[in-house]
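Quick note, the sequences are listed as chains A and B, same order.
Residue numbers for the first sequence, in our numbering: 63 to 312.
Residue numbers for the second sequence, in our numbering: 63 to 312.
Careful: at least some of the hints might be erroneous.
Each pair may be met inside one copy or between any two copies, as identical chains are not told apart.
Here are the simulated BS3-like pairs of lysine-lysine, each with C-alpha atoms no more than 25 Å apart in a straight line [as the list claims (entries may be wrong)]:
(1) 205 - 184
(2) 73 - 255
(3) 124 - 303
(4) 251 - 124
Just so you know, the hints here were simulated from the structure itself, not pulled from any lab data.
2 protein chains.
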Amino acid sequence: MANFHPISEVKALTFDVFGTVVDWRKSIAREIKQVGIEKGFILDWDGFADEWRAGYGPSMNKVRTGELEWANIDTLHRMILDSLLETYNINSLDESEKQRLNKAWHRLDPWSDSVEGLTYLKENYIISSLSNGNVALLVNMAKYGGLPWDTVLSAELVRHYKPDREAYLSTAEFFGLPIEKVMMVAAHKNDLKSARSTGMRTAYVPRPNEHGPNVETDREPEDYIDIIADDFIDLSKKLSKVRETGSIPE
Amino acid sequence: MANFHPISEVKALTFDVFGTVVDWRKSIAREIKQVGIEKGFILDWDGFADEWRAGYGPSMNKVRTGELEWANIDTLHRMILDSLLETYNINSLDESEKQRLNKAWHRLDPWSDSVEGLTYLKENYIISSLSNGNVALLVNMAKYGGLPWDTVLSAELVRHYKPDREAYLSTAEFFGLPIEKVMMVAAHKNDLKSARSTGMRTAYVPRPNEHGPNVETDREPEDYIDIIADDFIDLSKKLSKVRETGSIPE
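Throw the hints in and build the complete structure from the sequences for me.
Following this line, the structure appears as structure tokens:
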């Protein structure tokens, strides 16, 4: 482990986005509800958002395993949407309305601490997305929500979706840093576990409302997690302590 | 030309960086001078900067033609530096000092209007680099100089240096836009001519001092240039007029 840098030497933070930085569920439910009101249909808006999101992992896995050729998230979201509209028997949307609804994923609200926390973190670290979202989606979302990224990194740049190792390893290559100087920040343990297996540092920021209210939140530490924080402002404080003391606060 | 969008529909501006956004010559001369003072050698600092820069195009061309395998700009800058140190018979730098000097290209000062102008332009457009510099260089430079990019685009992402068409065309793909809605901004006509040949809109911002004082500035219009501006603040004003009136101001 001669190459392993202490956590105080982390230079860049890369963030999972859907669920970690933004509240996809409430934002998507709001957009489908707005379309429903315009078009005169009613359904379980939150449930529709959940189903749209649920199609995401399986469709990426088809790309990851080679069953599907490379397709970006806009394309995958659209495939899932078309299938959901059929399931719900919604026939009243024309092509441009479907395109607009599909781009709801470019207009997701940040969690209330996200912009302030990222702004603090940016003072001491390179901050970027590391998302399966495509570059256009991430750039549009950043402008919509005021996310102050130094740059946008995306699975699209290396055509490997997380949890493929190539996605995590690309951060070190693009930033010209040893992988141990890059920290993955996510609300999802599986993302952090995969990141750590490539050598990244990890911060876990559980988002209790990602899947709606009354969902139990996993706050258990894991051997592949370096820091657990309540939100990005708390993460900024904890990383300040790391820089001051060289060790990780409880 | 049915697909050609009017200039008022431009959504993204992509900027050449070396010479267009930052003053490489003064910044590099300053850094080599500082090393010279520390190490006790004297040479023509501006001339050294010019020679270092002059090696850039030919070394990229070796990559573009396949004579060299893909190598990023940090690597190419280092090859040129090693050769220059030999030419000047400078033997007093150790490896870490050479690495630090090579990274002078990550610490280039913006022109005096760059940050203010980009900040205005960011209100109405996606703004990004489109540089042959690698991602790490561009991100570090943006943090050093306060360049408020929405994201960093680099030839490194598609492993094609400008003026390869792939570099320009990648902007449309990454931003999910027709290429006619992306405008290339550069201080160099050859960059704009190549950009236009792929369908991009173009803005020419001559930088009279890029190659030092007393160098004549080419301000001639060309059929491949849409807008000529004095600096980025002037570009912001001219693009406001375009959005208001739909046509390009004189």
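Checked hints:
{"no.": "1", "hint": "205 - 184", "in the structure": "both (16 Å within a copy, 9 Å between copies)"}
{"no.": "2", "hint": "73 - 255", "in the structure": "within (20 Å within a copy, 38 Å between copies)"}
{"no.": "3", "hint": "124 - 303", "in the structure": "neither (42 Å within a copy, 47 Å between copies)"}
{"no.": "4", "hint": "251 - 124", "in the structure": "within (22 Å within a copy, 45 Å between copies)"}
When held up to the earlier numbered hints, the structure conflicts with hint 3 and nothing else.
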